[in-house]
Structures are given as structure tokens and as C-alpha cells.
Amino acid sequence: MQRYILRRLAQLVPTLLLITMMVFALMHAIPGDPARMMVGAGDSLDEAQLAVVRREYNLDRPVPVQYAIWLGRALTGDLGRSSANQRRVGEELLLRASVTFELGLFAWLIAAAIAIPAGVIAAVHRGRMPDLVATLVAVGAVAMPGFWVGIMLILLFGVRLGWLPTQGYVPLGSNFGEGLRHMVLPAVALGITSAALMMRQMRSALLEVLSLDYIRTARAKGLAKWSVVIGHALRNAMLPVVTVMGLEVGRIFAGAVVIETLFGVPGMGRLMVQAVFQHDFTVVQGCVLVMASAVLAANFVTDIMYTVLDPRIRYGG
Amino acid sequence: MQTTPPPHANTPAVDGQVRRRALLRGAAIGAGSVVLLARHGRAAADKPEYGGKLRVAYNLAPGSLDPTLAVSGGDTFYWKQAYDVLIDNDQRLTPRPDRSLAESWDLSDSRAVTLKLRKGVTFHDGTAFNAGAVKATIDRILDPATRSAARAEISPVERVEAVEEHLVRLHLSRPWGPATTMLGGRAGAINSPSAVKALGVDYRFRPSGTGPFKVAEFVSGSMVRLVRNEHYWGRDEAGNPLPYLDEIVLNIVPDQTVQTNALKAGEMDLVFLPYRDAPQFQDKPGYNVNVFENAGTVYVLLYNRSKPPLDNINLRLAIAHAVNPAAINKAAYFGRASVATGGMWPPSTWAYDGTVPRPSYNPAKAREYLALGGRPNGFEVDAVSYPSEANTPSAEIVRAQLAAVGIKMNLRMYDVTTASEKFYYGGEAPLYLSGWGHVPEPSSSNMLYRSNGYYNASKLPDARLDALLDAGESTVDIAQRKAIYRKVDEIVLGEAMATPLIYGTAYAAAPKRVRGLESVFTYDIRMYLHRLWLEKT
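From first to last, the protein sequence lines stand for chains A and B. Here the working numbering is used: the first residue of the first sequence is 7, the next is one more, and so on. Here the working numbering is used: the first residue of the second sequence is 844, the next is one more, and so on.
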């Protein structure tokens, strides 16, 4: 088991390297003079000033050398400074990532809290009203883009009913109640697609398990219906659900890019969108590094979870 | 002012002057004057109340709160609240010594500008404002290593001399016509030298100016919070100390629909409205809307004259005559902008001249020019643009209108930075469908038309324009300057170097309890929050 974990961890390193290398290459593949692009469309700097920019950001050197310089510094923990506002990328990411993690965790918890009970109920009542309703809602939720759901939530709960704030972010540490209120709408908008997918997975996995022999045996022993479902079937049915829940971490990060912009949440998704438009290479690179690490970590944890849920799984090596 | 307006269509391009119509409900407002509103039948003579917090939404995040390092037009929105400038200008671009850091100035020497500075002014860090601070600020701008975009705006300044504690002289390499405008922009916003020195790179977001509000908090990507400067020197007309508000929070809200919704939900007290949403609030009893017409050239055709086929003047004129701006205004701006009737300076600026002959919509004439240009059956042309709520439909309309006379436009859309890069330096296409912010000072057109201009995509030397633009920049008298820039427009419009299509309109909306909204717009379409106050309910 330990060796398995170590090996999986070692595999993360080349994956991360490859991702950062690709992003670096992509950012530099944008045609045009990067120094002028960095300075932005609205500026007039003369050649003397542009030369300062090129030297400062090593833009006068070949791209692989630039990458090597970035990597060398990143390994020592220095992610550089933003070309748009000169702030330290590391500090900025720490600030922004904590917001996105908070939002993502909320979205993910909301998704799981909706999906698992709904999936169980749908499976138990297969083909009857609760199943039909749950399926219809789930199909609808998958089909609706997150930003549209977000706008509808803003219109309903913010503008029409005035129950919840639609803008901004309050750190949970500074004011827990307000922080929670600000988090509800973006977290629901972000989590709703994931909830639908998890629910579908839960339903089909549970149905499969419920048709197995050992469930029939349990029922034949005269156990109560819900005791069979919860006590015997659910744990085995969770395996594919956990996989999906792990994969959903990636989707939630991707969704945060849009949802954070919509709800004015100062997280990493919004930072990255802004940085891409400003051609702020160092910031984009830093964001990608953090997001990729988080997704890889989620996949890693998912793998480990298998052994906990299903002791039959053995890890060779 | 921004002499280098970014072609951001999402920054409302506004100015209110000559034809400005302030549609504050039930009150006609004269440009630049402070008129108190009659409201709910109450008498107009309301006394401003002190205190309260104002929440404002703005779509662009600041790249710098230090004006010396400010890059985009969006940055102005932030630093304007925390700084005074050497020579402040009102909405008509008339210098206002009573609102400026310089009490008086002398422009009579063509080789120097001498400024007598206001006494008793302190920076937010407590240090005194004086000639040394002015010298330190301008020296910092002039140093290429600072990378200040303001450097280009004060290029005639050779050296700064602190003559006395409150007397400063800018020595010039050549006469400087737009001096008063340029010293009213970011180049004239004075920093505390000791704070700059002490904070280094961190000064960018912890600035120390002399303005009515002090930066108290900056949360990256989220907001800038400013609090009242208790020691501010400014007074209103009745002699009351400015500003009235205790606190202002400038929230970064990138999406305009979200801004509008936040205003409706009562989460914001002041926002710029998109064209689409303006009538909703103008017709709503609970809100005031301040409207600025002829606010910058928001849609313009720019040509690269060294790239075929638009190196042919007749083919450029064919395009200029084939496009119908009235249709664009109707479809993309809901009929709420204006069809351009002059050059790049709309009727709200002194340089505007509506009598300059210029191409206007005339398909028959477009066909004539096609024939003259040797392409009677039309031609194909590449174009670039960038998407925005108005640009995207506008580009489709232009494409259809050109097709009607046989011109096939191959359009590529990029984000605004990339599109600009590709047109101005990349030579990717001979035609750019763009916006051009608000430029109240015509010398900024140097960048577009001078042989070595930063935005001169053609890079073609033109001795006529160079001579005119040099004369325009070194002349101080406004009437003479106007005559010079009229000649510039004759060449630029007549030979289709640029064809302005639409002048914009901007809207600032606030709930009725926000008072003083008529004072909110600056000449460069940003907001002054100095004179706003909140009615206690």
C-alpha cells in the first residue's frame, strides 16, 4: 500500500511538468510582440521603456530558456511577479486559491448532499414518480449551463426576492453568517451540474447492486427494506460514485472560472480569466500550477478511497 | 486625461459638455455647474449631509492605484478618488485653479511652465506637499526604468526645477500647447516622495496622494476601499469641507448585467449602465440617471494604408461610403448613441468641427469609388475586431453593408489586446473595426497619424500631417489650435485614414438617495465622487 502511494505520488511530478510546459508554450504561441502585449493595448511606451520590459521579463531570450528560468525559480517557491500589477504571484495565489477552495468545497458538498439521497430514492423507487421527478430534474440540470443557472438564481433570490446577496465575498473567518450567505448562490450554481451527474451515477450503481444475489439473500432473511439499502447495498454502490465525485473536482474548478466572474467572487478562476486577457504569463502559469495540482490531488485521494471502500481491491507492486 | 485611450468598448466612453444633456429627472443641468435638484416637491436648497458609505461597481480591475504607473483608462477610475492634480480641468476641459494643486501658472514662456503651488496641503502619509514632491514625481515619470505610460504625455518636459518651497518650473524642449490638459492627467497627479521611497514596489497598491479619499484597503480582484481624508483642503461653494462621504467602496464587477442586477437588488449605489439597460432605470421612480452624449468615438474604421488593397485611396473611400452608421446605431446601440458627424473628437470637445467634409453613407458613391479604384465588381478585404456587446452585432452589419456594394469582408475576432497588436504592429489586416475611447485633447491623435506614431499602423511618413500635428502641439491658443486640427481632420477624413462611425453615450445610475449625481462625470468619463452625498432616510 505504501509503495503504491509513493509510486502514484511520483507519477504526479512528470504530469505537472508537462502541464506547465504546455501552458507556457501556449501563452508564448500567441502571435505578436509579448512585451507590447504585456504592456497592453491602451499604452504608449517608447522603445527605451519596452527594452526595460523585455529585459525584466527575459523576453529577449529563447522560450525554453524562459521556461527553465521560471521552473528554476518555481522550485525555490518563487513564482515571480505579475506583469500587470507587479504583485507577487505566490501571495496572490494563496489569497485567491483559498477563496476558490472554499467555494469549490461548498459546491461539492452541496452536490453530494443533494445527489446521494436523491440517487438512492430514485433507485429504490425505480420507474415510479420520485424516480421520474429526480431524473427529469437531473437531465435539466446537466443541460443548463452553470452561468445561466447563476443568472437565474441572481434574478430570483437577489433581485426578485431579495433574500441573498448576489455579489462579493466575505471571508468565513471574519463573519461566518455573512460569509455563508454570500456563498450559497455561487455554490449552488457551481454544484448543480455535478449534483445531477453524481445523482445519475448513484442511481445506476445502486440499481445494479440491488439486483445482486446477496441483496436478495438479505431481503430473504427478512431485513427491513431501508436497512438493506443503506446497510448492505449503499457501500458497494458508492465505488463508482466516488470516482465521479473525484472527477467532479476538475469540473468544479473549470466552472469556477465562470461562476466567480458572475458572482464577483475574488477567486482563482477570476484571476486566471483576467490574467489570460492581460497576457500576464506568470499569473496564468501560477494558476494552472495550483489548479492542476488540486485536480491531481483529488484523483489521488479518489484512488486511495477505493481501498477504504472496497478491501477487495489490491495494489500490486 | 488618457492620451492613450485603450480601445475598450466596455469602458463607457463619455464626456459631457457642449451638447450634453443631463437627464436627471425633473431638472435641467448646465454643464459643469452644480444644480441642486427639486425632489418630491421639496425645495431645491438641500444642504449636503455628511457621512455614509457609497458602494460603486466598476468593470475593470486596477493594475495600479499609483497614477505614475497607471496603465489602462480603467486605472483612472481608482486613483482619481485619492489624488489631486497640478491643473484640474472641468467637464469643458477648462482649467480650474480653485480645484488644482497649483493656485496659478504661467505659460507665457514657450520654454518653461511655472506653477505656484497651493500651501498647507499634506499627503495622506502626513508629509507636506511642495515643489520637491512635484519634482520627485515628474522625475520618476521621466525615468525610463519606471515604465510610466505618462512619460509620453509630458514628452516636452526636459527637467524640473524646484525654485522655492511652493514654486516649481518645468523646463521644456519645445513649446507645449496641451500643457494644462496633460498636467491634469496622471502625469500631474503628485505622489508623496517619502511614501514612494519607503514602500518601493508595494507603493503601487498603497499610494499616498493628497486627494479627498485615502486608500484604506485593497483586496485583489475584489474591491478598493477608501476612507475620508479628514485633512483635505478642498471646500464646496458654501465653504463646507469636502468630501461629504465617510467611505467609498469601489467593487470590481466585470459583468454589466451583474452590475445592473446589483443596483436593482440594492447592493450597489452607483453603476455605469449599458445601453440596453438605460431605459429601465430612466423610467423607474427610485433612480436618477446622468446621461452624457457624444462621449468619445466608440466605433471607427481604421485603415492600414500600406497594406493592399487598402493602399488604394479609392477603395478606402468606397468602404467609407458603403457603411451606414445609422443602421449600426439602431441595431447595436438601441438608437441611443449618435452617428459621427466629424472626426475623432465628438461635439462634446472643443476640437470638434462638424463642417469638415467627410464620407457619409452613399452606396452609389461607393460604387463610383470602386470603379475609380479599378475594382468595379468589388474586392475582398481582411479585417480584425474584438467582441463586445455592441461590436459583435456592429461587425455583422458592416459586413452586410459592404457586401451590398460587392466588398467581401473576411473578419477575424480576437480579444481587444490581441486585435490591437495584430492591427497596429502585426500588419495582419488592412482594416480594423475598433473603438477609440474618449480623447478630449486632440494632440493625442499624434499617436495615430504622426509618421512615428505608436498607433500609426501604416507607418507611412506624411510631411503634411507631421507639420500640422507639430504646430498643433506647440500652439497654446485654442482658436488657433482648432483651426490646425480642422486641417488634420480634412486630410484624415477626406483621404479615409480613419472613418469615425459612432459617438457614444454613457449613463451613470444611482438610487435617489445618492445626491449630487450631476457632479459625477469628469471630462475623461471617469467619476468624481468628491461631491456625492447620501440622504439619510
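Keep in mind that the hints were calculated from the coordinates and are not lab data. Every value quoted in this text rests on a predicted model; they were computed, and no experiment measured them. Where hints are given, some of them may not hold.
[As the list claims (entries may be wrong)] Okay, the calculated bits of chain A under chain B, using three or more residues with CB under 8 Å as the criterion:
hint : region
1    : 87-98
2    : 123-137
3    : 206-215
4    : 237-251
[As the list claims (entries may be wrong)] One-sided and incomplete, this derived list gives chain B residues near chain A with beta-carbon spacing under 8 Å:
hint : residue
5    : Pro-987
6    : Arg-990
7    : Ala-995
8    : Arg-1047
9    : Ala-1059
10   : Val-1062
11   : Ser-1063
12   : Ser-1065
13   : Val-1096
14   : Asp-1098
15   : Gln-1099
16   : Val-1101
17   : Ala-1105
18   : Lys-1107
19   : Thr-1260
20   : Thr-1261
C-beta: ideal position from N, C-alpha, C; glycine also.
Now for the hints, and whether the structure bears them out:
1. With 6 residues carrying a beta carbon less than 8 Å from a beta carbon of chain B, the region 87-98 of chain A meets the three-residue requirement, and the given coverage holds.
2. Counting residues of the region 123-137 of chain A whose beta carbon lies closer than 8 Å to any beta carbon of chain B gives 0, which falls below the threshold of three, so the coverage claim is violated.
3. Given a C-beta distance limit of less than 8 Å, the hint that chain B covers the region 206-215 of chain A is violated, as 0 residues qualify and 3 are needed.
4. Given as covered by chain B, the region 237-251 of chain A fails the check, having 0 residues with a CB less than 8 Å from a CB of that chain where 3 are the minimum.
5. Residue-level restraint check for B:Pro-987 holds (minimum Cβ-Cβ distance to chain A is 4 Å; threshold 8 Å).
6. Interface restraint check for B:Arg-990: the shortest CB-CB distance to chain A comes to about 5 Å, inside 8 Å, so the restraint holds.
7. Interface hint status for B:Ala-995: upheld, as the beta-carbon distance to the closest one in chain A is roughly 5 Å, under 8 Å.
8. Hint on B:Arg-1047 holds. Least Cβ distance to chain A is approximately 6 Å, under the 8 Å limit.
9. Checking B:Ala-1059 against chain A: minimum C-beta separation of about 15 Å lies over 8 Å; hint violated.
10. Interface hint at B:Val-1062: satisfied, since its Cβ lies 6 Å from the closest Cβ of chain A, which is below the 8 Å cut-off.
11. A hinted interface residue such as B:Ser-1063 counts as satisfied when its beta carbon comes closer than 8 Å to some beta carbon of chain A; here the least separation is about 6 Å, so the hint holds.
12. The beta carbon of B:Ser-1065 is positioned within 8 Å of a beta carbon in chain A (closest approach about 4 Å), and the interface hint is therefore held.
13. Taken as an interface hint, B:Val-1096 checks out: its beta carbon lies about 5 Å from the nearest beta carbon of chain A, inside 8 Å.
14. Annotation: interface hint on B:Asp-1098 holds; nearest CB of chain A at approximately 6 Å, less than 8 Å.
15. Hint status for B:Gln-1099: violated, given a least beta-carbon distance of 12 Å to chain A, over 8 Å.
16. Below 8 Å, beta-carbon pairs count as interface contacts, and B:Val-1101 has one with chain A at about 6 Å; its hint therefore holds.
17. Of the supplied interface hints, the one on B:Ala-1105 holds, with its beta-carbon coming within about 5 Å of a beta-carbon of chain A, less than 8 Å.
18. The beta carbon of B:Lys-1107 is positioned within 8 Å of a beta carbon in chain A (closest approach about 5 Å), and the interface hint is therefore held.
19. For B:Thr-1260, the interface hint holds, the least distance from its beta-carbon to any beta-carbon of chain A being 5 Å, beneath 8 Å.
20. Checking B:Thr-1261 against chain A by beta carbon gives a least distance of about 7 Å; that is within 8 Å, so the hint holds.
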